[in-house]
Every structure is written in structure tokens, then in C-alpha cells.
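2 protein chains.
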Amino acid sequence: MASVNGGGRRVTLREVARAARVSPSTVSRALAGNPRISAATRARVQEAMERLGYHPNAIARSLVTRSSRTLGVVLYRPADQAFSHPFFAEALRGVARVAQAEGYSLLVTTADTYEAEAEQCLAMLRERRADGAVLLASRNPDPLIDELVRQRFPFVVLGRVDANLAVYWVNNDNVQAAALAVGYLAELGHRRIGLIGGRRELTVTQDRLEGFRLTLQELGLEVRAEWMQFGEFSWEEGYRSGRTLLQSHDRPTAIVAMDDVLAAGAMRAARELDLRVPEDVSVIGFNDDPMAQLLSPPLTTVRIPARELGEAAARQLIERLSGRLPPVRHVILPVQLVVRGSTGPAGP
Amino acid sequence: MASVNGGGRRVTLREVARAARVSPSTVSRALAGNPRISAATRARVQEAMERLGYHPNAIARSLVTRSSRTLGVVLYRPADQAFSHPFFAEALRGVARVAQAEGYSLLVTTADTYEAEAEQCLAMLRERRADGAVLLASRNPDPLIDELVRQRFPFVVLGRVDANLAVYWVNNDNVQAAALAVGYLAELGHRRIGLIGGRRELTVTQDRLEGFRLTLQELGLEVRAEWMQFGEFSWEEGYRSGRTLLQSHDRPTAIVAMDDVLAAGAMRAARELDLRVPEDVSVIGFNDDPMAQLLSPPLTTVRIPARELGEAAARQLIERLSGRLPPVRHVILPVQLVVRGSTGPAGP
DNA sequence: CTGTTAGCGCTTTCAG
DNA sequence: CTGAAAGCGCTAACAG
Chain B
1 MASVNGGGRR VTLREVARAA RVSPSTVSRA LAGNPRISAA TRARVQEAME RLGYHPNAIA
61 RSLVTRSSRT LGVVLYRPAD QAFSHPFFAE ALRGVARVAQ AEGYSLLVTT ADTYEAEAEQ
121 CLAMLRERRA DGAVLLASRN PDPLIDELVR QRFPFVVLGR VDANLAVYWV NNDNVQAAAL
181 AVGYLAELGH RRIGLIGGRR ELTVTQDRLE GFRLTLQELG LEVRAEWMQF GEFSWEEGYR
241 SGRTLLQSHD RPTAIVAMDD VLAAGAMRAA RELDLRVPED VSVIGFNDDP MAQLLSPPLT
301 TVRIPARELG EAAARQLIER LSGRLPPVRH VILPVQLVVR GSTGPAGP
Chain D
1 MASVNGGGRR VTLREVARAA RVSPSTVSRA LAGNPRISAA TRARVQEAME RLGYHPNAIA
61 RSLVTRSSRT LGVVLYRPAD QAFSHPFFAE ALRGVARVAQ AEGYSLLVTT ADTYEAEAEQ
121 CLAMLRERRA DGAVLLASRN PDPLIDELVR QRFPFVVLGR VDANLAVYWV NNDNVQAAAL
181 AVGYLAELGH RRIGLIGGRR ELTVTQDRLE GFRLTLQELG LEVRAEWMQF GEFSWEEGYR
241 SGRTLLQSHD RPTAIVAMDD VLAAGAMRAA RELDLRVPED VSVIGFNDDP MAQLLSPPLT
301 TVRIPARELG EAAARQLIER LSGRLPPVRH VILPVQLVVR GSTGPAGP
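Residue numbers (the UniProt record's numbering), protein chains in the order written: chain B, 1 to 348; chain D, 1 to 348.
You may find that some hints are simply not true.
Which bits of chain D does chain B cover? Going by a derived footprint, with three or more residues having C-beta under 8 Å, they are [to be verified]:
1. 56-70
2. 85-97
3. 113-126
4. 261-272
Anything over 10 Å on all C-beta distances counts as not near chain B; from chain D, calculated [as the list claims (entries may be wrong)]:
5. Val-108
6. Arg-129
7. Ala-163
8. Asp-173
9. Glu-187
10. Ser-248
11. Glu-279
12. Pro-290
13. Ser-296
14. Arg-303
15. Val-328
16. Leu-337
17. Ala-346
The set of hints was computed from the structure by calculation and includes no laboratory data. Computed from a predicted structure; not experimentally measured. Glycine residues also receive a C-beta, built at the ideal position from the N, C-alpha and C atoms.
Given these sequences and hints, build the entire structure.
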């Protein structure tokens, strides 16, 4: 952490050049590690840089290279709780890790509405603040994605995208993930299975819903509208939905919650209604948030590799930016059923 | 989301000027809302900008204004779990909200070690990628803070800072917060009180530890080294520490965990050892993470206003950057005891 | 191997 | 009220 220049004026490349008695371009080359430069001059330049406490101005460099080496991250936050949601936090961590390893910075945008979010994301790219973007979710339809495609901005989506669009995305098979959950509950003997879902415009909700319905139908089980509730990905919504499902006369014996946070809310609702988990009602979540094992009973869940998804997204985006178009445009990561204590055999 | 220019080349201010038959400076003035410009020309320029789909290049602007209108956020992450920790997530959300409202972007850095974190933070500022930084935690001693002061970079710390340094910070009174927790447990009749703390180099740990000890001494209660455990702010550490404390022969009847995540781990340890909470052991946490109310029993905790702290930090930094030095350099936000089910009277 | 010459796209005096 | 000129700090041909 050695430093020299004490606060005020910054040292410029020009001054280093003067001090080292070379031209600016030579300093620039030394900076870039250009091999076409003699060991002697390189040393002189190095010495001058250190003596003067020089640090290159990234803004100036960006202006000429037309690259900020910055990745924009867009958090869709319909409920104004994006950072706090464990899934997004983990995904973000994955993005951050890869970005950092590749020498990229992260510019994070947030907004209160989808429209504002979209506008900010576009502004970030148009104004050259970021070289590309990773969208931490997708909806269907998604005007932002259409616009990004039209403007030919580089971006990667964490989620599903209309197959007609030539867009990079990373995802897990959410249809199959939901099938896994339903299949497991059916194996345990459950025949009345309820659902607590996220916002219907999100592709993740749509896909898991499809997996849910298809599997119920395949197994010859009932798909009842009043056993399905949708809302924000918050525990309050899970709680509200849980109460609704569990208070109905003909209540389900098992609940598939599309998110561990929703599942936690549902479990709380069950407790308040004096229903035991899993004896009276089984609950299964998605994600395998760290919190899942801390609930009592510990939550059975379909593990979604959030961090890995974020890492894969960042990696794809960076490869795309560096011109190496990866051979595949899509990455699908596997999910895994994690059985814990919140699920059990159906009652008689 | 209207757009014209289709992907490739970007429209520059110069081209707008040409199209509107004015000079570049006039376009620049129109952009800045400069009043010294006639309504007619302004309209012509506006029209040209829209017709060509012009968007100013933030990088070029930054180069000349010497400001990126970007705030750097530094996440200290000794345990490589910063994003995922509810407290940091909430604080970050507060920072993001204010930044966005004031037209600032957020550049987030992460690293695996404290040293790397510090280096990246300095680089961010030296290279002019960010105008200032908010540090989401503080340690004592903290070489990064010393260096930032020496380099006269604008920054705000969320935490306590050596009183000799003229540094902006926002914090809560952690000594008092811990006193609140211990006082409450003592009121319930507990006389053997254990502690699960975070890393000892963090000021938050140091302050809460001081409040813990002082209050025990004032109340004439024992301060036993073997009743105090320290580690990362992770539930695994809370679990490990909880087991250690609760397995000792002469175990405490109450535990102060310096963080809800630690408390959750401790409660899990209690459950595994067949100790009931709160009948056999009371547990109290800090923060009031959303998760706190989902645990069973719901967690008693000292609420720390994480989001408000983040907001205050961002606000201070922005005021500092805009030259309006706020009258106070420090902000202290109040905490609040939230009593739930994890604490109860001491056994006989 | 090194220097010279032009900019990157914008803002900002300074004249008019 | 508007334009001309001069950079912000750096990189990148193109010569030598």
C-alpha cells in the first residue's frame, strides 16, 4: 500500500514520460506490458512511475479503448427486496467472483419498478458505463431483452429466453425441477398437492408451474386452481399464501413452494394453524438457501446452484465481450433434490 | 424505450451539432440545461438528438469533469460470504437506494482477503473509477482507512473509527446495544450468560464485547473466558460455538449471539443437544434479519437498522462529494430490543 | 525499439 | 446568446 502523492493533484502519464525522459507512448507501452521495449527503458519508466506515485486513469483509457472493463448487473426487483433475497445474493456473488478474477468491475443498478430498471440498464450501456450486462432474472414477455437485442448490446440472461431470440442465457431446467418436487411428494403418497408461486410474469414461475401441472397430470392427480397461489418472493407472501391454502376446507397435504423463502412463510402459517410439518402437511422449497437447514423442521428443497449460475453468466458475458464467441449460447445447470425434515408420508 | 440507432456506431455530440446546424458547445449547453440558450435553438437541438438517437457518452464526460458520479462500495468479506449476509445485503440496499435517487452509480468490489479488498478499493479511487467509497464495516486497526485518509480520498465508514481520525462514519452504539441484550437477560434472572461473537478485529465485535463485559460486571455477574466464543459471521460458526458453550459442564443458561445468523446456528446446536429454547437456554441475537421471525421459536434480537445505516452512509458521502460538508461528521442510529420467543426466565 | 501525430467524445474558457 | 479553440489523460497507427 505504498504511496507517495499526497492527496491533491494526480500524476499523469505525461509527467512520468518527462521524468523518465521518454515519450508518452513508451510509458503507455510499459504499462501495457508491450514486449517491444528495452529492459533498460522499461526499468527507467517503472522507477519513474513508482517515484511519482503514478496510477493510470481508467476513465481516460476507457475513452480511447472504448471499453470500461465493467459489467452491469441488473437486479429485477418487483418487490424492492432484491439484494436481500438469498438467491440473488448468491447469484451476484458468483458474478462478482468471476468478474473480479477476469479484471472486470461490477456496476450494479437497482430501481423500484421494472420499467425504471430497464431504462437504467439501457442507459448504463448506451452511456458506455458498462461493456455488457447480466440480467439476474427474466420475464416473459420481456421488453428489456427485446430492446437489448435490437440495440445489439452484449448481455447474458440468468433465466429462460424466447427461443427465437439469439440470446445468451444460463439456466436450470425449471420444468424438470418442479417435476422432481412433485414426483417426490407423490412417491410419499400425497395426492392433494398445493402450490405457492412467485410472480407470474417471471419465467422461473412459468416454468415451474408447467412442471408442476404436467407432472400432476401424468400422475393422474388433480390440478386445482384454488390450491395455487402466486405473489412476491417474500416470506410474507409465503405466509399469506400458506394460510389461504391451509385454511381451505379441503386443504392439500403437501405444498410445493417455488422458493425457500416462500416455503419458510408457509411453514410459519402451518405452525400458527396448529398443523404439524410434516405430519399434517409436507412442505418443499426451491434453492437451498443457507436458511433452509436452520428452519425447524429443516426444509426439503430442490437445490438450485445460484452461485454457479451467476458464475456461468459472467463467464459467458466476458467471453462474448472478448470476441471469443463461445460455442454454445446456452448453459443448463443441473438441480438436485435435498431431502430434509419438512416432507413425510401422506396421512391416511 | 424509443430508439433509433441500430446497434453499431454510436451517435456523437458532434453529429448532433452538425444536424442541428449549431456548434458542439451549444449542444453541450442544451444537454446541461444551460439557460444561456434560446428556446428556438434548444428545440432544434432536442429534435436532432431525438432523431439521431443520441445519448451522451458518460466516459467522455467523466474525463473532462473529473467525476464519474459513481460510488464505490467495499464489502469486507473475511468469510467470503458478504453478499449473502443479510446485514450487508440490507445495508447495500440502503446505499443503492440513495445513490440511485441522487443519480450515482454503484461500483461494487469484492475480494477474498482483506488486503486484496483494500488494494482494490484504493485502485478504484486512484484510477478514478469511483468518486468516493463507502466501507461496509470497519476493523481496528484498519490500514485501509489510514491510507484513505492519507490520500485524502472521500469515504464514509459504516462502523466505528478511531476518534483521532477526521473521518465520516455512521454507526449505532454497539456498546449500548450489547448492554441492552445483557440487561434484558439479567432481568429474566439469568446469571450465567455466554457470548458468541464475530471476528475480533471488527469494531462491531469489539464494541459489543465491551458492552457485554461492562454490563456483566456492573450487575456483578461472572465474565468467564470459556463462555465466550468468536468466529466468522456464519451460521456454521454459530453452530460450532453453540455446541462448545452448551456442552460444557457448567453451561450458561443464556447466550448473547452477536448476529442473528450466529444465533440461528446456536439454536440449532441447542436442538441437537436436546436443550429446549428458551426453557433450557435463552438465545438473543443482533440485527433482526428477516429470518429471525421464521426460526422456531422466533428469535429475540437487538434490531440494528441496516438499511438506514446504508442510506445515511451514502447520503453523507454524496454531500461530502458535492462540497457541502455536512455539519456533523458522525451519525449514530438507535437500536431496539425486539422480544420474541427465544428468551425466557432462567430456570431455578 | 522509440517518438510523432492524431484523436476518443465531451466540456469549458474566451471571444464575439 | 453562440462559436472557436483548447484540452481532460490516455492509446494507437505510422514512421523511423
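Hints and how they fare:
Counting residues of the region 56-70 of chain D whose CB falls under 8 Å from any CB of chain B gives 9; the rule of at least 3 is met. Only residues whose C-beta sits within less than 8 Å of a C-beta in chain B count toward coverage, and the region 85-97 of chain D has 7 of them, enough to reach three; the restraint holds. Only residues whose C-beta sits within less than 8 Å of a C-beta in chain B count toward coverage, and the region 113-126 of chain D has 7 of them, enough to reach three; the restraint holds. With 5 residues having a beta carbon nearer than 8 Å to a beta carbon of chain B, the region 261-272 of chain D meets the requirement of three or more and the stated coverage holds.
Non-interface call for Val-108 of chain D relative to chain B: violated, since the shortest CB-CB distance, roughly 5 Å, does not exceed 10 Å. Listed as a non-interface residue, Arg-129 of chain D fails to keep its Cβ farther than 10 Å from every Cβ of chain B; the least gap is roughly 5 Å. With 10 Å as the threshold on Cβ separation, the claim that Ala-163 of chain D sits away from chain B holds: the shortest Cβ distance comes to roughly 22 Å. Once the 10 Å rule is applied to beta carbons, Asp-173 of chain D is consistent with being away from chain B; the minimum gap is 24 Å.
Taking the minimum C-beta to C-beta distance to chain B, about 27 Å, the non-interface status of Glu-187 of chain D holds against the 10 Å cut. Once the 10 Å rule is applied to beta carbons, Ser-248 of chain D is consistent with being away from chain B; the minimum gap is 23 Å. Residue-level check passed: Glu-279 of chain D sits 15 Å from the nearest beta carbon of chain B, beyond 10 Å. Non-interface call for Pro-290 of chain D relative to chain B: violated, since the shortest CB-CB distance, roughly 6 Å, does not exceed 10 Å.
Distance to chain B contradicts Ser-296 of chain D as a non-interface residue, since its nearest Cβ pair spans about 5 Å, not more than 10 Å. Under the 10 Å C-beta cut-off, the non-interface status given to Arg-303 of chain D relative to chain B holds; the minimum distance is some 15 Å. Val-328 of chain D, annotated as away from the interface, keeps every beta carbon of chain B farther than 10 Å; the closest lies near 23 Å. Distance check for Leu-337 of chain D against chain B: the nearest CB is about 22 Å away, which clears 10 Å, and the non-interface claim stands.
Taking the minimum C-beta to C-beta distance to chain B, about 23 Å, the non-interface status of Ala-346 of chain D holds against the 10 Å cut.
In summary, the structure is inconsistent with hints 5, 6, 12, 13 from the numbered list given earlier, while agreeing with the others.
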